[in-house]
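These protein sequence lines are chains W and E, in that order.
Residue numbers for the first sequence follow our numbering, beginning at 1 and rising by one.
Residue numbers for the second sequence follow our numbering, beginning at 1 and rising by one.
Just to be clear, a hint being listed does not mean it is correct.
[What the hints assert, rightly or not] Not close to chain E: a few residues of chain W, all C-beta gaps over 10 Å, as computed:
1. Asp27
2. Ala29
3. Gly59
4. Gln102
5. Arg124
6. Arg160
[To be verified] From the structure, some residues in chain E lie toward chain W, with a derived Cβ separation under 7 Å:
7. Gly10
8. Tyr87
9. Ser88
The set of hints was computed from the structure by calculation and includes no laboratory data.
Here a beta-carbon is modelled for each residue, glycine too, at the ideal position from N, C-alpha and C.
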Amino acid sequence: MTPRPGDAVPDFTLPDTDGAPVALAGDGAATVVVFTCNHCPYALAWHHRIQDVGRDYAGKNVRLLQICSNDRDRYPRDAPEEMRARVQAGEFAGPYLHDDSQEVARAYGATVTPDVFVLDRDLRLAYRGAPDADHRDESLAAGWLRDALDAVLAGEPVARPETEPVGCSIKWRP
Amino acid sequence: MTIELLYWEGCPSHPQALAELRAALADLGRPGAPIAMTRVETEDDAARLGFVGSPSIRVDGEEAVPPPPGEPTGLTCRVYRLADGRYSPTPDPALLRAGLERLIGAGRAREAR
Numbered sequence: 001m002t003p004r005p006g007d008a009v010p011d012f013t014l015p016d017t018d019g020a021p022v023a024l025a026g027d028g029a030a031t032v033v034v035f036t037c038n039h040c041p042y043a044l045a046w047h048h049r050i051q052d053v054g055r056d057y058a059g060k061n062v063r064l065l066q067i068c069s070n071d072r073d074r075y076p077r078d079a080p081e082e083m084r085a086r087v088q089a090g091e092f093a094g095p096y097l098h099d100d101s102q103e104v105a106r107a108y109g110a111t112v113t114p115d116v117f118v119l120d121r122d123l124r125l126a127y128r129g130a131p132d133a134d135h136r137d138e139s140l141a142a143g144w145l146r147d148a149l150d151a152v153l154a155g156e157p158v159a160r161p162e163t164e165p166v167g168c169s170i171k172w173r174p
Numbered sequence: 001m002t003i004e005l006l007y008w009e010g011c012p013s014h015p016q017a018l019a020e021l022r023a024a025l026a027d028l029g030r031p032g033a034p035i036a037m038t039r040v041e042t043e044d045d046a047a048r049l050g051f052v053g054s055p056s057i058r059v060d061g062e063e064a065v066p067p068p069p070g071e072p073t074g075l076t077c078r079v080y081r082l083a084d085g086r087y088s089p090t091p092d093p094a095l096l097r098a099g100l101e102r103l104i105g106a107g108r109a110r111e112a113r
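Starting from the given sequences, assemble the full structure and let the hints guide the process.
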C-alpha cells in the first residue's frame, strides 16, 4: 500500500553505482528519497536544485538517497553504466541507487521522476510530491522539499505534506 | 503547409508545448493557424515517424527545433536545452519561434514557386 503522511515507509536495501548495498535505515535526523532517472527532462531540470538541498542539509544529518527504477532495457539511458557515469562526473550529492526489480518504486507508490519523499528520524513519511512548484523556475530552489525538511528537523508538522509530483512516468517493465 | 505537434501521452509536457506553439505562431502573425495533433502510441509508430520524444514540433515534416544527430526514436519525454543551457521538457520559446519562422518562410517560398 502506498505510504501516506505519517505512515512508516517500506524498508529497502539497494546497490549504489559501485554495487555496494545502501540501506534506508540509518542514523539520519531526516532522509530524502527521490525517485529519479537519467533520461527525463523534468528530473534533469530539477536535478541541481535537489543536489543543492542534499549539500545544504548534509551538515544537519540529512541523508539524500536517489533511486533509478526505470526499465533499463527499454530506456538504456537509465542503465547502471549511465548512472555510474553521472556519479563519477560528480552530479550526485549522495548515493544513486539502482532498483532493478522496481519493487521499491512499487512499494512507495512512486509514479514519476522526480518523485520526492521526506522521512523523519523514525522513517515515517513527512512529505511526498514535487521539489517545488515549477521545474522552469530555478529561483524556487526546491522550496517545498526545504520547507518539509525544516519542519522535520524542528520537530514540527509539515505544513504542506503532499503535493502533486510532476515528471516523466516511471518506465515499468512490461 | 502543415504545422504538427507530435506527442506521447506518457509525458505531461504537450499542453505546455501546444500553448507555447500557439504563442509563437501568433508572434509570427499566424494566430489561429491550424495545428495537427499527432499522438504517438507505440514504439513502432515512433520509429516510423522518426519520433525522438514528446513533444516534437514540425512544419511540413521538418523539426522546428532539430534533435541532435543520431538521437534514437522512442516513447519518451524529449530533452530540450534552453538558451541558457538548462534542461527543459519543452523547447526554448525563442528557439522555437526562430525555427518556425525559418520553416514557415521556406514553406512560403515553396508555395510561391
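Query raised in the report: For this structure, which hints from the list above don't hold up?
Result: none
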